[in-house]
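Construct the entire structure; sequences and hints are all you get.
Heads up, the final residue of the sequence shown is numbered 237 in the UniProt record's numbering, and it's a clean run with no missing numbers.
Please keep in mind that the hints were generated in silico from the structure rather than gathered at the bench.
One or more of the hints may lead you astray.
[Claimed, not checked] Label-pair restraints from in silico Cβ distances:
hint, residue 1, residue 2, range
1, Pro-146, Glu-106, 25 to 33 Å
2, Met-73, Ser-132, 35 to 43 Å
3, Gly-93, His-37, 40 to 48 Å
4, Pro-16, Glu-61, 40 to 48 Å
5, Ser-38, Arg-75, 34 to 42 Å
6, Ala-29, Pro-157, 48 to 56 Å
7, Ile-76, Val-35, 43 to 51 Å
8, Glu-106, Val-15, 42 to 50 Å
9, Asp-57, Ala-128, 40 to 48 Å
[Unchecked claim] Derived pair list, reagent style EDC-like, types lysine to aspartate or glutamate, alpha-carbon separation capped at 20 Å:
hint, residue 1, residue 2
10, Lys-30, Glu-11
11, Lys-30, Glu-64
12, Lys-7, Glu-28
13, Lys-30, Glu-14
We put the beta carbon where it would ideally sit given N, CA and C, even for glycine.
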Amino acid sequence: MSSGTAKGLSEVTEVPRTRVYDAVRILEAKGLVEVQHSSPQQFRAVPLSEATETLRDQYEERVERLQSALREMGRIEPEDDEAELQEVWSLSGSDAIENRAAAISEDATDEVVLVIGSEAVLTDPLIAQLNSLDANTDLIVGTGSPSIRDRVEQEIPRATAFLSELDWLHSEMTPEEDAAVGRLLLVDRSTMLVSSIDPQTGDEQAIFATGLRNGLIVIARRLLSQGVVEMTPLEQD
Numbered sequence: 001m002s003s004g005t006a007k008g009l010s011e012v013t014e015v016p017r018t019r020v021y022d023a024v025r026i027l028e029a030k031g032l033v034e035v036q037h038s039s040p041q042q043f044r045a046v047p048l049s050e051a052t053e054t055l056r057d058q059y060e061e062r063v064e065r066l067q068s069a070l071r072e073m074g075r076i077e078p079e080d081d082e083a084e085l086q087e088v089w090s091l092s093g094s095d096a097i098e099n100r101a102a103a104i105s106e107d108a109t110d111e112v113v114l115v116i117g118s119e120a121v122l123t124d125p126l127i128a129q130l131n132s133l134d135a136n137t138d139l140i141v142g143t144g145s146p147s148i149r150d151r152v153e154q155e156i157p158r159a160t161a162f163l164s165e166l167d168w169l170h171s172e173m174t175p176e177e178d179a180a181v182g183r184l185l186l187v188d189r190s191t192m193l194v195s196s197i198d199p200q201t202g203d204e205q206a207i208f209a210t211g212l213r214n215g216l217i218v219i220a221r222r223l224l225s226q227g228v229v230e231m232t233p234l235e236q237d
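Listed below in structure tokens is the structure:
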């Protein structure tokens with residue numbers, strides 16, 4: 001409808017007229033609806049281009065306020081004995097996991113080892129982020145799939161790519177399986193992120209661990225040393 005009254009909108013949408021007025025007031029406050037003060041009142045939506053720009057401005061303003069508020073928050077540092085704890089955290093959602101993996105990798109000072117279990121995690125943002133790593137940081141990318149290895153060699157030329165000898169990376173993800181390996185990231189041999197992907201929903205879950213002596217990280221180092229021993233100087237503990 002190019003425009004309409006509350007009665008007309010109510011009849012078309014099957015929404016009670018009082019609720020139409022409530023909805024219109026909210027949309028008007030957001031700058032998405034115009035009101036003609038006639039009798040009866042006429043309502044119309046602003047053009048889509050204007051609505052999109054208005055929503056974008058409001059969204060960016062909210063993000064800026066959030067960033068400002070978070071920067072101003074005080075930080076309570078742990079006691080020295082707490083700071084040495086070996087930590088393990090869980091994380092859900094591919095976007096959040098990709099952002100955390102990128103942040104971990106960008107902090108690398110020596111080495112980034114990434115083992116890819118599913119091509120779903122080899123996204124354009126991940127490729128761009130790996131290509132942007134500091135040139136002095138060794139980048140090693142492994143997979144159990146020749147096709148993924150070939151993509152890595154072509155799209156991430158600075159990486160040392162290899163086919164992993166870890167058997168559990170070679171199985172295809174099927175609906176019968178509980179989960180499949182998504183990615184295994186080890187940075188400077190002291191920070192690890194490993195994820196799994198639900199074969200039915202495609203949802204990605206991850207755990208994130210820190211600490212050179214963290215048991216999970218020790219296991220990861222040993223697994224990787226078995227999988228890439230001929231390619232890199234990774235050593236068993």
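Exercise. Provide an ascending list of the numbers of those earlier hints which the structure does not satisfy.
Key: 2, 4, 5, 9, 10 and 13
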